[in-house]
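Visitor: Read off the chains here:
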Amino acid sequence: MASVLIVDDEELISSNMAAYLEDEGLEVDVANSAEDALRLVEAGLSVQVCIMDMRLPGMNGNEACQALHRQDPGIRFLLHTGSPNYVISPELSAIGITPDHLYRKPIMDMAEFTATVHALCAGR
Amino acid sequence: MDTSVNQAQRVRFWSADPRVREIVNNVADAVIAIDIHGNIEMFNPVAERLFGYPAEEVMGRNIKLLAAPAYSRHHDEYIARYLETEEPHIIGSGREVEGRRKDGTVFPIYLSVGEVKVAEFHGFIGIIHDLTVQKEAEKALRNARASLQDIIDSMPSILVGVDEQGIITHWNRSAAAERNMDIREGIGQPLVKLFPFLERQLGDISSAIRERHPVRKERLPLQSGSGTRFIDLVVYPLSSADGLGGVVRIDDVTERVRIEEMMIQTEKMMSVGGLAAGMAHEINNPLGIIAQSCQNLVRRLSDEIPKNREVADNLGLDLDTMRRYMTERGLFQFIAGMQEATERAGRIVTEMLAYSRRSTSSFVPTSLCELVETVLHLASHDYDVKKNYDFRRISIERDYDIRSDVIFCEAMAIEQVLLNLLKNAAQAMAGNPQQTAPAITLRLREEEQWLRLEVIDNGPGMSAEVRHRLFEPFFTTKPVGMGTGLGLAVAYFIVTEQHHGRLEVDSIPGKGSKFTLRLPRHEEH
Ligand SMILES: Nc1ncnc2c1ncn2[C@@H]1O[C@H](COP(=O)(O)OP(=O)(O)OP(=O)(O)O)[C@@H](O)[C@H]1O
Ligand SMILES: [Mg+2]
Chain D
1 MASVLIVDDE
11 ELISSNMAAY
21 LEDEGLEVDV
31 ANSAEDALRL
41 VEAGLSVQVC
51 IMDMRLPGMN
61 GNEACQALHR
71 QDPGIRFLLH
81 TGSPNYVISP
91 ELSAIGITPD
101 HLYRKPIMDM
111 AEFTATVHAL
121 CAGR
Chain U
1 MDTSVNQAQR
11 VRFWSADPRV
21 REIVNNVADA
31 VIAIDIHGNI
41 EMFNPVAERL
51 FGYPAEEVMG
61 RNIKLLAAPA
71 YSRHHDEYIA
81 RYLETEEPHI
91 IGSGREVEGR
101 RKDGTVFPIY
111 LSVGEVKVAE
121 FHGFIGIIHD
131 LTVQKEAEKA
141 LRNARASLQD
151 IIDSMPSILV
161 GVDEQGIITH
171 WNRSAAAERN
181 MDIREGIGQP
191 LVKLFPFLER
201 QLGDISSAIR
211 ERHPVRKERL
221 PLQSGSGTRF
231 IDLVVYPLSS
241 ADGLGGVVRI
251 DDVTERVRIE
261 EMMIQTEKMM
271 SVGGLAAGMA
281 HEINNPLGII
291 AQSCQNLVRR
301 LSDEIPKNRE
311 VADNLGLDLD
321 TMRRYMTERG
331 LFQFIAGMQE
341 ATERAGRIVT
351 EMLAYSRRST
361 SSFVPTSLCE
371 LVETVLHLAS
381 HDYDVKKNYD
391 FRRISIERDY
401 DIRSDVIFCE
411 AMAIEQVLLN
421 LLKNAAQAMA
431 GNPQQTAPAI
441 TLRLREEEQW
451 LRLEVIDNGP
461 GMSAEVRHRL
471 FEPFFTTKPV
481 GMGTGLGLAV
491 AYFIVTEQHH
501 GRLEVDSIPG
511 KGSKFTLRLP
521 RHEEH
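Chains as they are written, first to last, in the working numbering: chain D, 1 to 124; chain U, 1 to 525.
Note that these hints are calculated values from the structure, not bench results.
From the three backbone atoms N, C-alpha and C, an ideal C-beta is built for every residue, glycine too.
Treat the hints with care, since some could be wrong.
Pairs of lysine to any residue, SDA-like flavour, derived with a Cα cap of 25 Å [to be verified]: (1) U:K307 / D:G74; (2) U:K307 / D:D109; (3) U:K102 / U:D150; (4) U:K307 / D:L12; (5) U:K102 / U:T132.
Reference listing, derived: stretches of chain U covered by chain D, where coverage requires no fewer than 3 residues with Cβ under 8 Å from a Cβ of chain D [as the list claims (entries may be wrong)]: (6) 294-304; (7) 333-345.
Taking the hints into account, I'd like the entire structure generated from these sequences.
Guide: This is how it looks when you write it as structure tokens:
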């Protein structure tokens, strides 16, 4: 089963998103920080798509994506940010993240987002 | 003719007395004597100079020779009438007429005529004073006065000259126009009668005149039919030979005050915008939670998700009944309301953020025509736009007359501006259903330094009040939830502050509105 990892320090964001994606038949794990996410992958969690909040306590989303990518270059990322001025950093471009992978909060309709998740899962 | 006889007599008479000759020859004006038939008997040296004839050449000839055609025609009648009726018209007095020189030129003269009756002579003596110089001076003076009046008339300011008692002595066209009066009507009327709003300033006006120091007052608010107006008032004292007086100058600065107020508002918004950038993140997170919670609530009530059925069955709950209950008690509407409110809050945050974008780093040469097409495409697909009306029902006319359409801009920002203008036009026309087919004209022209884009709709237009205020942040006439009133405020900011362009509005109520956008042209090298 396709597996999704949501990284967000805002618990209600990740749980709501998880609920939606689970209803769509996806298997979802949740991490409240970058450090947690790295630990989960370290412990052997197989992740196809990681939905990453960019502003996180401790390690930020920018570093977390790179670290996860080093752990498992197969992970595909979707960035989910509340910062309206956020632009994709060169390091993240370098690992294949494009503006198509960038979603700004609030996502008003999860359907389109979910379709992207499915597509990324299938693309693997 | 018996001229030879008369000639002898004439010479005799006029030269008989050397003292008479001496006087006549030395008078500073032209002196001409004629007999009762109008034939010239005497022609002094000044007359020779003035008319350009030597005396011998005019002697015995009719005086009509020396009159401008307009006068010469009736000359015989004049003399005949006088001799018959003895009613003096010009005789014994004088008037301004026109003389004719030998070379045919006509010139103004003052002619005084007296009758002379002595033994050998019955006729008339005319003294002729050349008015050429005086007439020219008068004309120059009239011209000067006219051009002075022209100058003060072409001033947009209201200018009113008053005497010490506050009675109008002069005024210009703008002043007359303010009162809807003819420019000749105001003179002699009291200032405050025609400009009642100056009642309160009267003390200052008269002390300015009396004490001879100018008084200046700025931004005096006046209540008028169409809202508050602001004027600048200046009183300059005048002191001429005939007493004290002053000039009152009034400028309507309503528009300037409004724009300044708006700029202050914009400044405020920009600091709010700076704050908003930091806050946006904090606000967008909870908004995301609300949005997704709502969506999950609705989805977890649906049949389509197997897990919903499963859990409901386990609990012995009938999902259909549950849904019917929710529908009947309006619970789905509450959820929809939350979704809408969330969306609106999200939009406000985004628009406020526009005020914090200041960088020009993302400026690139952009084809305005292409940008317009992108926006038209966006508008016809925009969920927000579609909610209220179908954009595709509106006919779009492109009236382009340009050689180059390249501007230097931040494309996204200008897209936002255009989208706003199109949405506003579409919304305005949708609210005006009995109207003829809704149409938007996009007119693109080149000006010296600008590319000018006009967005013209045939909607309901707007009142002067709305037109004055529509660039203010949060000014909207739309129902709550339909408009934030930030659209044009943001557009104005993007255009004027970020792009150093211009955004103006024109409207004829009942006919439509026109928004004129000017953006600096990109000079290609
Ligand atoms: N084309 C138009 N015709 C008539 N009135 C207009 C037109 N464009 C704007 N207005 C008036 O100007 C007001 C302000 O417009 P603005 O775009 O700033 O805010 P809004 O459209 O009300 O809200 P928002 O843009 O946030 O949805 C409108 O409410 C409307 O009354
Ligand atoms: Mg608007």
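Visitor: Now, for every hint given, state plainly whether the structure supports it.
Guide: Verification of the supplied hints:
Our distance criterion of 25 Å between C-alpha atoms is broken by K307 of chain U and G74 of chain D, whose separation comes to about 31 Å. Straight-line distance between C-alpha atoms of K307 of chain U and D109 of chain D comes to about 21 Å, which keeps the hinted pair within the 25 Å bound. Our distance criterion of 25 Å between C-alpha atoms is broken by K102 of chain U and D150 of chain U, whose separation comes to about 39 Å. For the given pair, K307 of chain U sits about 21 Å from L12 of chain D by alpha-carbon distance, which is consistent with the 25 Å threshold.
For the proposed pair K102 of chain U and T132 of chain U, the alpha carbon gap of about 16 Å is at most 25 Å, so the pair holds. Counting residues of the stretch 294-304 of chain U whose CB lies closer than 8 Å to any CB of chain D gives 4, so the stated coverage by that chain holds, three being the minimum. Given as covered by chain D, the stretch 333-345 of chain U passes the check, having 3 residues with a CB less than 8 Å from a CB of that chain where 3 are the minimum.
Checked against the numbered hints given earlier, the structure breaks hints 1, 3 and satisfies all the rest.
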